[in-house]
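Engineer: Spelled out, the chains give:
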Amino acid sequence: MKDFINAYSWINIHYLLQGLWITVAVSVVSILGSYVLGSILGIIRYVNIKIVSPIVGLFIDIIRNLPLLLIIFFTYFGLPNLGFRPSSVWATILAMTVFESTMIAEIVRSGIAAVDPGQMEGARANGLSYGQAMYHIVLPQAMKKMIPALVSQFISLIKDTSLATIIVLPDLMHNAQIVYGQNSTYILPMFLMIAIMYFIVCYALSLLSRSLDRRMS
Amino acid sequence: MIAIFHNYGSLLLQGFGQTLLCSVIALIFSLIIGSMFAIFETTPIKFLRVIARIYIEVFRNIPLLVITMFFFVVIPMFIAKINGFTAGTIGLTIYTSAFIAETVRSGINSVDPGQMEGARANGLSWWQAMRHIVLPQAFRYVIPPLGNQFINLVKNSSVLAFVAGFDLMYQGNVIASDSLNTMSTYICIGILYLIITLPLSYWMRYLEKKLA
Numbered sequence: 001m002k003d004f005i006n007a008y009s010w011i012n013i014h015y016l017l018q019g020l021w022i023t024v025a026v027s028v029v030s031i032l033g034s035y036v037l038g039s040i041l042g043i044i045r046y047v048n049i050k051i052v053s054p055i056v057g058l059f060i061d062i063i064r065n066l067p068l069l070l071i072i073f074f075t076y077f078g079l080p081n082l083g084f085r086p087s088s089v090w091a092t093i094l095a096m097t098v099f100e101s102t103m104i105a106e107i108v109r110s111g112i113a114a115v116d117p118g119q120m121e122g123a124r125a126n127g128l129s130y131g132q133a134m135y136h137i138v139l140p141q142a143m144k145k146m147i148p149a150l151v152s153q154f155i156s157l158i159k160d161t162s163l164a165t166i167i168v169l170p171d172l173m174h175n176a177q178i179v180y181g182q183n184s185t186y187i188l189p190m191f192l193m194i195a196i197m198y199f200i201v202c203y204a205l206s207l208l209s210r211s212l213d214r215r216m217s
Numbered sequence: 001m002i003a004i005f006h007n008y009g010s011l012l013l014q015g016f017g018q019t020l021l022c023s024v025i026a027l028i029f030s031l032i033i034g035s036m037f038a039i040f041e042t043t044p045i046k047f048l049r050v051i052a053r054i055y056i057e058v059f060r061n062i063p064l065l066v067i068t069m070f071f072f073v074v075i076p077m078f079i080a081k082i083n084g085f086t087a088g089t090i091g092l093t094i095y096t097s098a099f100i101a102e103t104v105r106s107g108i109n110s111v112d113p114g115q116m117e118g119a120r121a122n123g124l125s126w127w128q129a130m131r132h133i134v135l136p137q138a139f140r141y142v143i144p145p146l147g148n149q150f151i152n153l154v155k156n157s158s159v160l161a162f163v164a165g166f167d168l169m170y171q172g173n174v175i176a177s178d179s180l181n182t183m184s185t186y187i188c189i190g191i192l193y194l195i196i197t198l199p200l201s202y203w204m205r206y207l208e209k210k211l212a
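Residue numbers (full-length UniProt numbering), protein chains in the order written: chain V, 1 to 217; chain R, 1 to 212.
Source of the hints: derived by calculation from the structure; they are not laboratory data.
Don't take each hint at face value.
[Claimed, not checked] Result set (BS3-like, lysine-lysine): computed pairs, CA atoms no more than 27 Å apart in a straight line:
1) R:209 <-> V:2
2) R:210 <-> V:144
3) V:145 <-> R:209
4) V:50 <-> R:210
[Said to hold, decoys possible] Beta-carbon label-pair distances, calculated as ranges:
5) R:128 <-> V:128: 55 to 65 Å
6) V:5 <-> R:112: 48 to 58 Å
7) R:44 <-> V:32: 40 to 50 Å
For each residue, glycine too, the CB sits at the ideal point set by N, CA and C.
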């Protein structure tokens with residue numbers, strides 16, 4: 001019990017919260033980046049442009065099927081071979097954005113494919129161009145169907161930022177390791193605390209997605 | 001790149017084997033545990049439903065790395081010394097089983113409830129009806145999502161690199177720091193991962209289309 005009280009002193013908690021802030025900040029930037037990039041890739045894959053779409057499709061399939069950890073290593077340790085040397089924060093954001101945008105591309109593609117093709121035909125028959133019909137008619141409906149899958153992808157993105165500990169991103173996991181590295185009696189309290197912090201962030205997001213889903217349907 | 005395969009072939013092969021071994025062990029156990037919790041969630045007994053719900057929500061919302069490091073760092077302090085491979089496999093099993101439970105549960109729910117009622121009306125007990133009537137139909141629905149879970153499992157097995165599990169990713173780091181050619185080493189490692197995951201992912205897409 002005394003270990004817990006000592007471990008949860010304000011200095012340690014404050015340090016963990018700083019880590020949590022980095023985790024959240026990196027996640028938010030990666031979520032925004034991968035959402036934009038993923039939507040573009042997904043739409044390109046869906047609309048079947050000659051030559052471009054198969055190449056994008058191959059790129060998506062390859063990146064999707066690699067471990068994120070490998071991509072993080074590649075950006076941080078591999079890219080300097082080419083003369084590009086990102087800091088650990090930017091390497092994480094870059095790796096996460098590339099990896100997650102391929103996951104999101106798949107979600108977007110299957111979301112668009114799930115919209116009744118009659119919607120597109122009807123919009124075209126009413127005189128909208130392909131782009132207009134896509135933007136005003138098909139995408140909003142696809143979006144509704146995609147929300148649960150998108151949010152669970154974002155949740156796994158937040159959890160996966162912990163992998164960047166290995167390239168010394170000062171995130172929640174990393175800061176906890178530093179705290180319990182000073183005193184071995186802090187190990188159990190620290191693990192409990194970071195588990196609770198991750199859980200609160202991720203569970204709040206999943207509750208949000210459930211309520212969004214309910215309101216939209 | 002060919003030089004990497006040539007010079008470090010045995011290390012790569014060892015890592016490849018270790019990754020496969022860990023993924024298959026974790027898959028078997030997480031299928032058993034996941035199906036168990038999925039059945040718990042659909043039982044009429046409230047206590048079991050609550051237990052299953054807590055298990056699934058907790059382990060779906062905590063990073064795999066935290067679970068794995070817990071087994072690698074905390075368990076040896078209080079219970080027994082375990083090596084990195086075991087800690088990693090246990091962590092993977094627990095994490096994946098929560099996702100599999102969710103998948104199997106939605107499979108069970110997508111089976112027409114009339115099937116259960118009909119089976120019960122014909123004199124089968126709840127468990128008999130579940131085992132012989134509902135589950136076989138549910139598993140048909142969930143094969144593609146389970147395949148995707150297995151692909152995720154193979155990718156996630158790279159956390160073994162954190163706990164010295166001697167998997168593909170770990171050996172990759174060893175080779176990268178030995179050969180100093182990080183770029184081509186990671187490309188080689190990527191190719192080896194793709195050998196497992198890419199065919200599986202195309203196969204699952206084919207099955208999805210066929211079943212839909």
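Engineer: Each hint needs a verdict: does it hold in this structure or not?
Structural biologist: Verification of the hints:
| no. | hint | in the structure |
| --- | --- | --- |
| 1 | R:209 <-> V:2 | violated (58 Å) |
| 2 | R:210 <-> V:144 | holds (25 Å) |
| 3 | V:145 <-> R:209 | holds (19 Å) |
| 4 | V:50 <-> R:210 | holds (26 Å) |
| 5 | R:128 <-> V:128: 55 to 65 Å | holds (56 Å) |
| 6 | V:5 <-> R:112: 48 to 58 Å | holds (55 Å) |
| 7 | R:44 <-> V:32: 40 to 50 Å | holds (45 Å) |
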